[in-house]
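A.B. asks: The residues making up each chain are set out below.
Number of protein chains: 2
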Amino acid sequence: MNAWFEKHQATLDKALDACEKRYSWTAYTESPSSKIHGKEIPAAGKARFEALLGKDYPLQQPGEIGRTGAEVSPYTQEPLGITYPKVDVEALYQSIRDAMPAWRDASVETRMGICLEILDRCAAQLFENAHATMHTAGQSYIMAFAGSGANALDRGLEALVYAYKAMRDVPQSADWQRTFGADGAAKLEKKFKLMPRGISVNVCCATFPLWNGYPALCASLATGNPVVFKPHPSGILPVALVVSVCREVLQEAGFDPNLVTMVADTREEPATMQLLEHPDTRIIDFTGGPTFGEWIEQNCRNSLVYTETAGCNSVVVESTDNLAGMCKAIAHSLCQASAQMCTSVQNIHIPSDGILVNGERVSFDEVAAALVDAVETHLADPKHAAFLCGTLVNDTIYQTIERLTLEGEQRGRLLRRSGPYDNPGFPNARTATPLMIAVTQKESDMYREELFGPVSFLIKGESAQSCLNAATGDARERGAITSHVYSVDAEFLEEAQDAYNNAGASVACNLMGMPINFAAAYSDYHVTGLNPAGNACLTDLAFVASRFRIVQRKIMVD
Amino acid sequence: MNAWFEKHQATLDKALDACEKRYSWTAYTESPSSKIHGKEIPAAGKARFEALLGKDYPLQQPGEIGRTGAEVSPYTQEPLGITYPKVDVEALYQSIRDAMPAWRDASVETRMGICLEILDRCAAQLFENAHATMHTAGQSYIMAFAGSGANALDRGLEALVYAYKAMRDVPQSADWQRTFGADGAAKLEKKFKLMPRGISVNVCCATFPLWNGYPALCASLATGNPVVFKPHPSGILPVALVVSVCREVLQEAGFDPNLVTMVADTREEPATMQLLEHPDTRIIDFTGGPTFGEWIEQNCRNSLVYTETAGCNSVVVESTDNLAGMCKAIAHSLCQASAQMCTSVQNIHIPSDGILVNGERVSFDEVAAALVDAVETHLADPKHAAFLCGTLVNDTIYQTIERLTLEGEQRGRLLRRSGPYDNPGFPNARTATPLMIAVTQKESDMYREELFGPVSFLIKGESAQSCLNAATGDARERGAITSHVYSVDAEFLEEAQDAYNNAGASVACNLMGMPINFAAAYSDYHVTGLNPAGNACLTDLAFVASRFRIVQRKIMVD
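Going down the list, the protein sequences come from chains A and B.
Sequential numbering from 2 applies to the first sequence in the working numbering.
Sequential numbering from 2 applies to the second sequence in the working numbering.
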């Protein structure tokens, strides 16, 4: 078993170093290009995905009492026709309980080796998983391969780094000796053992099922806890593929595959609550909407709860020396994955008297026009638009767009209407381009929550200071996962960074020439846990240190 | 300020090493003997304690709206006559909020240095605090100096070690660079900042007010959180003395002393709930009864909650080669601090057909008689009895003893009645010697909870296996902080250790020639957090890692 630990030790060591120094690094290949992979591997991955369609997904789990699953491709708007086990949770949990002792008693290196091997095999499975992610989450092929694939695997490895650090902080044994009064020396041999918490439920979201899926899996499994995946009903297949890998690796290593299982469901017959409220559930990782996330935080008292939800990510624009570069960068965020990312920008705060560009005043309307132009430029080439925007994960986003279009006309000014774009490969794809609305801060009830999908606001503030106050207040009270400031004024920049940080939000300044939604594994602490957009950072000691406990035994020796 | 960090760095480094290797070490002098300290220092400490009696305690805090406090000495049964500020919590919290930003922005080394200096000055204050602890918690002088003094300070330093480890795991800055597509290299300078959670409420218990008090103080304060002490109404003075030191050190270092405050109360007018339920309270450390502890765990959703409560600590006796040594060790636990310690033994499980001693069978009754004899031996010398037993923290323990005496007569057999012992220095001391009751496992409702005070059970099991099953089942379901096994059978010992560990309890084997209640700082992981006797270990990364979060700022550079 430890052979796997040795096989992957160089990767782990490099990841430990990257986390310590926080430079740019990836353990997995980010590009699906045939220049790297050749033609056969990508084609074989696609074929493997296609072979799964319209069939019972091959997952043998205890407690199967039927089949479930009703995924529909956002690209074809046709059902995938795949069914998954419908599970009797009590029967499943009994099997999981049976599987736990051997895993609890395995060495840290054994468990780490198995988790590293799982990530490695998932990396080899990225092509079929990218197609699965496209046709469930609606991501573009490249995003599905990179963001939901390699980048997410990096986050999983990062969680392993912290699990390993926390576990190796506990020695396995100690010799202890001291004298009490006249009784002579007391000598004790002590042994310390890591103990898991119990069953860990991993609730994945619809749009990026594995971005939190891999880290939560790795953090819990490495520390000895069995993991039950609860995929979103619209995005089961990407998760199922990972579950299959986990079970295969565990079984090869001589462990019970039921250490990693999946409970699939449909919107009509949800299974989540039964898992969350089960008395044997001891850890919950949740990615999804803030309302349900907060409910879990408040009510699931039997479990450790780690959430990543959503807020209203903002940009404060004060000044720039590169208007085109800035607008291109912000517009990229409005388009990328149809703004369905947890790092997508929604609220763009601009002073009513405009901003300084290279020392020249540029009006609010001119900045707004430049942003709209930048969006149009991103969308001009249909192939590029398809790669950038992907599709909408569900129909309700159209309702949001429609509602906000009406409201925007009444309460503000529509800068850009949303409409479908033609996806070259998929004529039936569910698509939408950015809706952009100009409002004043008086309309804050419109934008002080996440409006999931390609909806953004250009918010007129009385001054840059007023913009900053509004944006940071929203971050504190309504949550933020990413925040941006554009300014060439050193004093304002410093003040803005302090204001965001003190609101419990991380902040990025003057980003351009890169996708500003990008959160770098091993470098960016993703989610602060200090504002309503989540209570946990996926990538620190706190994410792992409580997932296990320590028991000891000491024995007196002569 | 960092001068203090440098002053204490050797101590911190040694403590880091001790925690890593878990050998025996102490940073503070455990003995109050005048052979070590001379005569003047102990006398001066006593004089300083006496000078506080019958007066307003000198603590200037915002929001004082009167005076409170009704402590009574368990040694004299006279009121101490000391009053403390009665506090308007809203006004106090406002002052604390004002104090927070400067502390949040201080460097890790500054905060660590101040915490180390606080512990150092508390060590210099141990004589007066020992007298304060005697006359509130009821401990003997030596226990008050060692257990509630030096040993508790060690636990505080231990918490600082883990806080330091967790904080220095986060780098202060990083350079990051990568290329996205055709856009050229993106270079970012990143800065990472530790952010406290918010106000930390430290609820101390009556019998060992500082055992958890120092660790919770250090864990929260070092990580940037202000600390509000909520002493037990019967044990305010030991806490007040520490609060005074904290405020003095903070002020000398140029920080607002309101970073450490105290809210005193009386049993009749309790103030705890207001603190626990205040929306600005973000961390709760609680030591006390399991019922209230569990209520806090279930209901204080706004805060991180760390509890140490109580269970029913057990001994399983299977065999021994040293009956006298074993009985002396167990009897010591029944007497020490009148069994009011979280590590005191209550339930002694012995097979009905007795045990093997050096290969000879010794009956249940003979073992019971030997245990009673060992208790008598410990009590034979009044001076030693006083040193060992101390006094009862309150009158309700007499009611428990009375009730259990009656019940024991009816449902089992009284092996030893409790009675007062004569405390040489204090004729009015509230004292009680161990009540020992023989029962069978059928009477488990009598002993499956903590009976606070000197009450113990010798529980007849059908076999050693039955004893072990009962004891470990109780640990799992009702909690345990310490557990003991006596056996010379290697196979049974291994099985027993596994059974306790798998029940979420730590276990000690064949301890004798030392106080078996002793939990060693830097070596023993105190409380597992896996059974109902508490949800936290005071001495691991999980105790500190969530007390702060991380925010970052990144800025694009050329």
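Check before you lean on any hint, since a few could be wrong.
Identical chains blur together in the list; that is why a pair holds if it fits in one copy or across any two.
In silico EDC-like cross-links for lysine to aspartate or glutamate, where the CA-CA straight-line distance does not exceed 20 Å [said to hold, decoys possible]:
#: 1; residue 1: K384; residue 2: D374
#: 2; residue 1: K443; residue 2: D366
#: 3; residue 1: K194; residue 2: E21
#: 4; residue 1: K188; residue 2: E403
#: 5; residue 1: K384; residue 2: D423
#: 6; residue 1: K15; residue 2: D170
#: 7; residue 1: K166; residue 2: D18
#: 8; residue 1: K22; residue 2: E249
What the hints contain is simulated information worked out from the structure, not anything from laboratory work.
A.B. asks: Work down the list of hints and note, for each, if the structure agrees.
C.D. replies: Verification of the supplied hints:
1. K384 x D374: within (18 Å within a copy, 90 Å between copies)
2. K443 x D366: within (18 Å within a copy, 83 Å between copies)
3. K194 x E21: between (26 Å within a copy, 15 Å between copies)
4. K188 x E403: Cα proximity of K188 and E403: none, with 75 Å in one copy and 39 Å across.
5. K384 x D423: within (9 Å within a copy, 93 Å between copies)
6. K15 x D170: both (19 Å within a copy, 16 Å between copies)
7. K166 x D18: Classified as both; 12 Å inside a copy, 16 Å across copies.
8. K22 x E249: This pair counts as neither: shortest intra-copy Cα distance 34 Å, inter-copy 38 Å.
When each numbered hint is compared with the structure, violations occur for hints 4, 8.
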